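Colleague: Guided by the hints, dock chains A, Y, G and S with the ligands onto chain Z, whose structure is given.
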Amino acid sequence: MAQTTFGVGGLTYDHSKRQLPQELNVLIALVLIVAAFELLGRALLGDSFLLNTRDNVDTFFNQARLQIIILQVSIVGIIAIGITQVIISGGIDLSAGSVVGATAMIAMSFAQVATVNGNPNPKAVFLEQGWVDLPVLVPVLVGLACGLLAGLINGSLIAYTKIPPFIATLGMMVTARGVAKWWTKGEPISFPTEPFAGIGKGLMPVVIFLALAILFHLMLKFTLYGKRCYAIGSNEEAARMSGINVERHKVLVYAIAGLLAAVAALVLSSKNLTAQAGMGVMYELDAIAMAVIGGVSLSGGRGSIVGTVLGALIFGVIISGFTFLKLDAYYQEMVKGAIIVGAVVLDVWRQRRRGTRG
Amino acid sequence: MAQTTFGVGGLTYDHSKRQLPQELNVLIALVLIVAAFELLGRALLGDSFLLNTRDNVDTFFNQARLQIIILQVSIVGIIAIGITQVIISGGIDLSAGSVVGATAMIAMSFAQVATVNGNPNPKAVFLEQGWVDLPVLVPVLVGLACGLLAGLINGSLIAYTKIPPFIATLGMMVTARGVAKWWTKGEPISFPTEPFAGIGKGLMPVVIFLALAILFHLMLKFTLYGKRCYAIGSNEEAARMSGINVERHKVLVYAIAGLLAAVAALVLSSKNLTAQAGMGVMYELDAIAMAVIGGVSLSGGRGSIVGTVLGALIFGVIISGFTFLKLDAYYQEMVKGAIIVGAVVLDVWRQRRRGTRG
Amino acid sequence: ETVGVSMALFDDNFLTVLRNGMEEYAGTLDGVELQVEDAQNDVARQLDQINNFIASGVDAIIVNPVDTSATQAMSDAAAAAGVPLVYVNREPINVDTLPDNQAFVASNEVESGTLETLEVCRLLAEAGTTDAQVYVMQGELSNQAAVQRTQDIHDVIASGDCGVTLNIIDQQTANWSRDQAQNLMTNWLSTGAPFDALISNNDEMAIGAIQAMKASGIAMDQVIVAGIDATQDALAAMQAGELDVTVFQDAAGQGQGSLDAALKLARGEAVDQKVYIPFQLVTPANIDQFLAKN
Amino acid sequence: MSDIILRTEGLTKHYGGVHALVDADFELRQGEHVAIMGDNGAGKSTFVRQITGVERRTSGKVWFDGREVDFPGPLHAREAGIEAVFQNLALADDLDVPSNLFLGREKILFNLGPFSILDRKAMRQATEAALKRTAVKIPNLGNTIRHMSGGQRQCVAIARAATFASKLIIMDEPTAALGVQETAQVENIVRTLKDNGESLILISHNMRQVFDLVDRIIVFRRGRIVANLRKEETDGQDVVAYITGAKSQNLAAAAL
Amino acid sequence: MSDIILRTEGLTKHYGGVHALVDADFELRQGEHVAIMGDNGAGKSTFVRQITGVERRTSGKVWFDGREVDFPGPLHAREAGIEAVFQNLALADDLDVPSNLFLGREKILFNLGPFSILDRKAMRQATEAALKRTAVKIPNLGNTIRHMSGGQRQCVAIARAATFASKLIIMDEPTAALGVQETAQVENIVRTLKDNGESLILISHNMRQVFDLVDRIIVFRRGRIVANLRKEETDGQDVVAYITGAKSQNLAAAAL
Ligand SMILES: Nc1ncnc2c1ncn2[C@@H]1O[C@H](COP(=O)(O)OP(=O)(O)OP(=O)(O)O)[C@@H](O)[C@H]1O
Ligand SMILES: Nc1ncnc2c1ncn2[C@@H]1O[C@H](COP(=O)(O)OP(=O)(O)OP(=O)(O)O)[C@@H](O)[C@H]1O
Ligand SMILES: [Mg+2]
Ligand SMILES: [Mg+2]
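Protein chains in written order, with this note's numbering: chain Z, 173 to 530; chain A, 173 to 530; chain Y, 2 to 295; chain G, -16 to 239; chain S, -16 to 239.
Hints listed in this document are in silico derivations from the structure and should not be mistaken for laboratory results.
Every value quoted in this text rests on a predicted model; they were computed, and no experiment measured them.
The C-beta atom is built at its ideal place from N, Cα and C for all residues, glycine as well.
Please note: incorrect hints may appear among the correct ones.
Below, a sample of chain Z positions facing chain Y; criterion: calculated Cβ distance under 7 angstroms [said to hold, decoys possible]:
#1 R237
#2 G358
#3 L440
#4 A449
#5 S492
#6 K498
The shape of chain Z in the complex, shown without the other chains:
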């Protein structure tokens, strides 16, 4: 029973009682919510939430629903990955949604086709300059550059002027929203080129989301970058005294968050075949909620990408489940608020029962 493998000095440590990973709570919440929808569906509608019940399709699961559950949270999920690493390193990013809007507008204006149905593209911003039918790399690079810039500004403000991240990114939120509207005086931009439209087609958003999730999971767990995120989020003063260049790291963290917001913007505008100044409004709040539901601590130093992905799935299941149950839209919002709270309550409660808190 008593093992001492992980300690020094020969103290009793009961290895069998090692703490289960925190993400388990989130997984349990996810399963509970899915089960609730499945049961309610069978009881109220006589229909199944996850399994296929249509005769014209012969799959076991309702494929369309499984896909939309994750597809509809992929884009906010990409933002949530960036926000997760920001929160772990002790910050917050309120600007992500607005950066998505601004980036989508600017990138999309470099992704326009020259003619629509034989007529010159009515929505092309740079038609006169002839910047149409450009290779897909152009809007992608332009978009990433926009996100990077926004992130660098956020990061530099936070690192070097020491203002609270809440304020720096709130300022960026207001400013980026202004830029998004100013770019075309509020006019939406449509009709992207075929290759650009390919970025967000079909299940591409899911693929991009999951690939990024895996990448950042590895980065946070196994690299210097990750270790420093946790260290700075846990105790910034200690990290600084230990010789970590806290300022440079923060700039990097926010720059990466900006890049991820840009990726989200590219996927979003490609998927919708349009860019609008109002795109992405409030996405940051959903993204933060996903992270926190996934066990990321808002005071920094704790959390994981796996948790955030599970948190995103909870959101996806909720949205699809409500539509499945034909719940009135008013009640949807009311219940959604309650479920967000409920998922976190479950997490806190299980952690306390295990004695790691209080």
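Modeller: For chains A, Y, G and S with the ligands alone, kept in the frame of chain Z given last:
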């Protein structure tokens, strides 16, 4: 030079170098911004921002502008007072704006007149029940009860389930927005009674705002309530170990914030003679920004109502200044973001120079 | 039959009337079930809602587009799943390439702003003004109706159809909101510049402006105030002699029309693919026709 | 026996796989001063946290002042009459010294429930008096605790526990950060408590101090109580032998 | 003189009206071990914070290793060769022990700049070795520092400073929270440093320890250096007299 009045043990303390109140920074920022608008106005438009330049009026200042500067931030200012005490005690309230929306809808539906221009009021919610032309006390009490309820739910969740305030109030934000839309299925409610319309008439919002500001300034500075807000925000564990009933206090803090949101809702719907489900959206972010610009620390334990009032005035000056300069709306937003950041940068910078940080 | 409906947003005065019209009408039909979702002004959310409808196997979908330039992706999604789709209230950008089982019932926002501005011109001319100073209040700048209605004003000025010269003193957004409009108008009044008319992108902002003017003691028969939507509040203000111009759009009619089209498509019947519903000018002269409508 | 103020039976605390406190049986008589010694990580602070309700124990029973108790929080322990100086000091960093000293027990001018008006002047004066007893030097009582030196902080915590009447005082390494003078002063305070008949549990690593101040020494080792020694019957060498495990009494530790 | 590793001249720090450090002139020779003693709040930690760049001084000059320096942050001080154990320990509460020990100096498997892959196994093994030297007992190195006892935390901080080669080690009350055994072990570590010729500044309130370990004792009082005593020429009584102000050398303190 050396005085020891404030210490024990006979140590050197140079009383003359006592730190100036932190609010001074905010005041300086305010003055700088006003000066900037005054100068820009004279340079670009040949007009004065603050002084009267109209022949048909004979006041020294431009009274109308002075009034609107504060009038337009009074309602968000009332919310900011509530949020200030929440932040000082270590929390955050994202639900205030949505609670305003829900409260305005519910309260307004009890403040309807029976007839409009001789016809039965087309917007009255409880016309059939005959709940029209009720005394003004009814909608006021109903509204305050709504705000109180929302605050009590927020506070109880945070205090007793120990979930982060960010999440509890985010949940409430989503839920309250749902309630606001559900109440009349999205229909706005107009045509309130004369006495109800009086609540927000003319400069009443300013009077209410300033009265509440003074009340809460005194409360935070001189009562047990205030001391406990600061103590809990500074170190919750220590406060608990010292025998403060942290849970009960938190419920009280959020309940009061809810009440203030309800006051804001009453003033807002009365001033506009209508209630709409979308009212108050994002007010919480402005309110938080006002508080932080005013020197309230988002990590709790520090800040004051005086600072928040000054922060609110900065907002008011910015809005009026932009309109005065006829700045395009796009640029307004971009510049507003920068000014929010700039005001806080100034504050942080001055604090560091004085050596109280780092 | 189940029909999925995705509305651009719930807390909009006009769209609420449309939605309620649709739901009331569905209540009178046998075996028709509506499932109404709120896209909360987010194009991406709207597309996801359509995909959720498809996953739930609805028989037809009605979309009130958040933005008409985002309709291509929605048409593609519905077409791929073979579910009929009807756009309501706002004309989709892919109007000329709609698949066979898709249609729209909408009005053209170019009309609304144009009707509003021309009526303001007429009233100004009637009052003998030749060189008019006007303020323009815009809706949310990221919103298509706001952009279009503002553009209409400029187009009328440029076309020369307006008998008088309109000088725009300032043009600002009040985000569709009555409260922001009150504040904005008060700020304008504090500059002391004289003006003859206020052209607003909707009635709510016009009413906010009126409240601000009344508070500053401006005689309401000296200025012309114009809005769009013909809401009950606006009609009351018009009866009180404060609001001079508004523009009516048959919300409930559009709701019914779109549902009819959706049901027909679901049953494989033929429909008119394009149905335009015109805007109508409302003035004190014809107000009685509209009192019971929106 | 009514003169036993505190008794624990089988008190146990596990943190996940860490058995920080195992089967602690402990008794403290009214007016007795007892020291707890032991290696770092032996479970001394854990023991204190279980008694004062800061944490919920895994198992075991506690009697205080004649009644079996299970405090849901430190507030209840304090109300029952236990004052504690915790190792982490439990001070509010952003408040000044008087506010910290009276934290949770503020002096009131008018009673209006939670909105009572504070008597700031009385608190400042009482603070000066309380701190003088510890001999600490603090240049400006109006400065926030955040800006105090390690020893200044500790003196504030000690002054707080010593100022309010109680049935049992627990001090977890109270003099660890104190200077020579301040340590002597605090030891004087402890002696005064003895004279007043107040019971005390003192955790300390300082052998001289322990032998100077207490009646009895309890030694913790690896979460267990391994020795219970009357001061007269032992000496420093002996205690160290118990601490390092070179010696062991026939207590629960027999199971080791 | 090239054998002077650290020198300060007129080093002064004011916090608002608090004159925490006034005109400190200090010299440390290569390989010398010096103790700083003084009352709580005398300015000892403040002195350390100015030297290591944690705070910016109000005035005065510092020479380190032959060059005049003004470190903008602790990172630079460390790069120049100063290791410090600060009084507040500077540990990241949410990280485990190896991560804290190697904080800012992680072992790398592949170098990819900021995205380098960590060598977690090597760090764990090195941690076990480093901690064994302090004799501390930690049941699970994978636990977060937040859940360690006061002494365990302190040992981690000491192990960190002692593990990495440096020109000057500063320890601010390193054994304050340590048990008997651990204290002895840490004192051994200090002796090893002496043998290796590393310079050391030790802040401590423990007279026995100071006389055991160092060559020279500096006494701070009210922000000023009031005595500079060679160990052989003084004794405990004498030092206490300087600390309490009963005695005073003809240093800058003459101005008092
Ligand atoms: N919250 C916790 N979670 C996990 N382990 C803990 C927790 N608190 C304490 N421990 C572990 O329990 C053991 C006992 O800790 P405790 O703080 O009681 O020691 P202590 O005897 O007070 O030591 P010190 O003399 O260093 O203060 C230690 O091994 C410590 O790591
Ligand atoms: N940031 C600060 N702001 C204001 N005063 C401070 C600050 N830091 C320290 N002080 C004051 O400076 C004086 C010296 O503090 P310092 O921490 O150097 O003392 P010390 O000698 O290390 O004491 P101890 O032995 O208790 O650790 C104290 O009176 C303290 O209150
Ligand atoms: Mg301890
Ligand atoms: Mg110190």
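Colleague: Work down the list of hints and note, for each, if the structure agrees.
Modeller: Here's how the hints hold up against the structure:
Satisfaction of the interface hint for Z/R237 is found here, the shortest Cβ-Cβ separation to chain Y being roughly 4 angstroms, below the 7 angstroms cut-off. Nearest Cβ of chain Y to the Cβ of Z/G358: about 4 angstroms, under the 7 angstroms cut. The hint holds. Annotation: Z/L440 was flagged as interfacial toward chain Y, and the flag holds, the nearest CB pair being 6 angstroms apart, inside 7 angstroms. With a least beta-carbon distance of about 4 angstroms to chain Y, the hint placing Z/A449 at the interface is held under the 7 angstroms criterion.
The interface hint given for Z/S492 holds, since its Cβ lies 6 angstroms from the closest Cβ of chain Y, which is under the 7 angstroms cut-off. Interface restraint check: Z/K498 against chain Y, minimum CB-CB distance 5 angstroms, threshold 7 angstroms, status holds.
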